[in-house]
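Q: Sequence:
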Amino acid sequence: MAIRNLRYEGDEILSKRAREIEVIDDKIKELAKDMFDTMHKYEGVGLAGPQVGILKRIIVIDLYEDGQQYALINPKIISQKGEQIVDEGCLSFPNQFAKVRRAKEVVVEALNLDGKKVKIKGKDLLAQALQHEIDHLNGEVFVNKCEAGTLETLTADERQEKRRK
6 MAIRNLRYEG DEILSKRARE IEVIDDKIKE LAKDMFDTMH KYEGVGLAGP QVGILKRIIV
66 IDLYEDGQQY ALINPKIISQ KGEQIVDEGC LSFPNQFAKV RRAKEVVVEA LNLDGKKVKI
126 KGKDLLAQAL QHEIDHLNGE VFVNKCEAGT LETLTADERQ EKRRK
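Numbered by the working numbering, the letters in the sequence shown go through residues 6 to 170 in order.
It is worth saying that the hints were derived from the structure and are not from the lab.
Among the hints, a few may not be true.
[Stated by the list, open to error] Mimicking EDC-like on lysine to aspartate or glutamate, the simulated pairs with C-alpha atoms at most 20 Å apart in a straight line are:
| id | residue 1 | residue 2 |
| --- | --- | --- |
| 1 | Lys-109 | Asp-129 |
| 2 | Lys-104 | Glu-145 |
| 3 | Lys-104 | Asp-129 |
| 4 | Lys-109 | Asp-67 |
| 5 | Lys-121 | Asp-30 |
| 6 | Lys-121 | Glu-35 |
| 7 | Lys-128 | Glu-114 |
| 8 | Lys-126 | Glu-110 |
| 9 | Lys-61 | Glu-14 |
| 10 | Lys-81 | Asp-67 |
| 11 | Lys-104 | Glu-152 |
| 12 | Lys-61 | Glu-27 |
| 13 | Lys-46 | Asp-67 |
| 14 | Lys-34 | Glu-157 |
| 15 | Lys-128 | Asp-71 |
| 16 | Lys-104 | Glu-157 |
| 17 | Lys-128 | Glu-110 |
| 18 | Lys-32 | Asp-119 |
| 19 | Lys-150 | Asp-140 |
| 20 | Lys-150 | Glu-17 |
| 21 | Lys-21 | Asp-140 |
| 22 | Lys-128 | Glu-35 |
[Unchecked claim] Pair by pair, the computed Cβ-Cβ distance ranges are:
| id | residue 1 | residue 2 | range |
| --- | --- | --- | --- |
| 23 | Ala-7 | Pro-99 | 16 to 22 Å |
| 24 | Ile-90 | Leu-68 | 15 to 21 Å |
| 25 | Glu-163 | Arg-24 | 35 to 41 Å |
| 26 | Lys-109 | Ala-7 | 31 to 37 Å |
| 27 | Leu-118 | Gly-15 | 39 to 45 Å |
| 28 | Lys-126 | Leu-156 | 26 to 32 Å |
| 29 | Glu-152 | Asp-119 | 34 to 40 Å |
All values derive from a computational prediction rather than experimental measurement.
No residue lacks a Cβ here, since even glycine has one placed at the ideal position from N, Cα and C.
Turn these sequences into a full structure, and let the hints steer you where they fit.
A: Here is the structure:
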């Protein structure tokens, strides 16, 4: 288990476009494993290469609910429909939360860690996570997409209290 260092707000790598991965070798598979370990340690739902200082087009997602985990190489959204306004946060922006407008459903094409082409159909939280992580690969962060006046800085206790209301 290897925990990678997270990159935080203000780190210029978060605003750069990640490069395509040409070869899925043992280093990329190890990176994916490390990204899952890092994401789980910080209780995140998704993590993108740039967030651990790697400018490569790789994301990992774990919704925890259904046991389904995703490690996607060179993902791209090929279709989207509907709209949802969702509460969003990010491991690279600790304690910051905002409302973000996202597609309700997306279809993403990518390669899995075996190099096979996969299509992922995501709705609701999975659609949100896919869009958020793919944004990271394009150098876009959620605080630049939030609905006007909704960005808040909250401690974990304040966030729990707000959810209870």
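Q: Which constraints among the numbered hints does this structure fail? Numbers only, ascending.
A: 14, 22, 27
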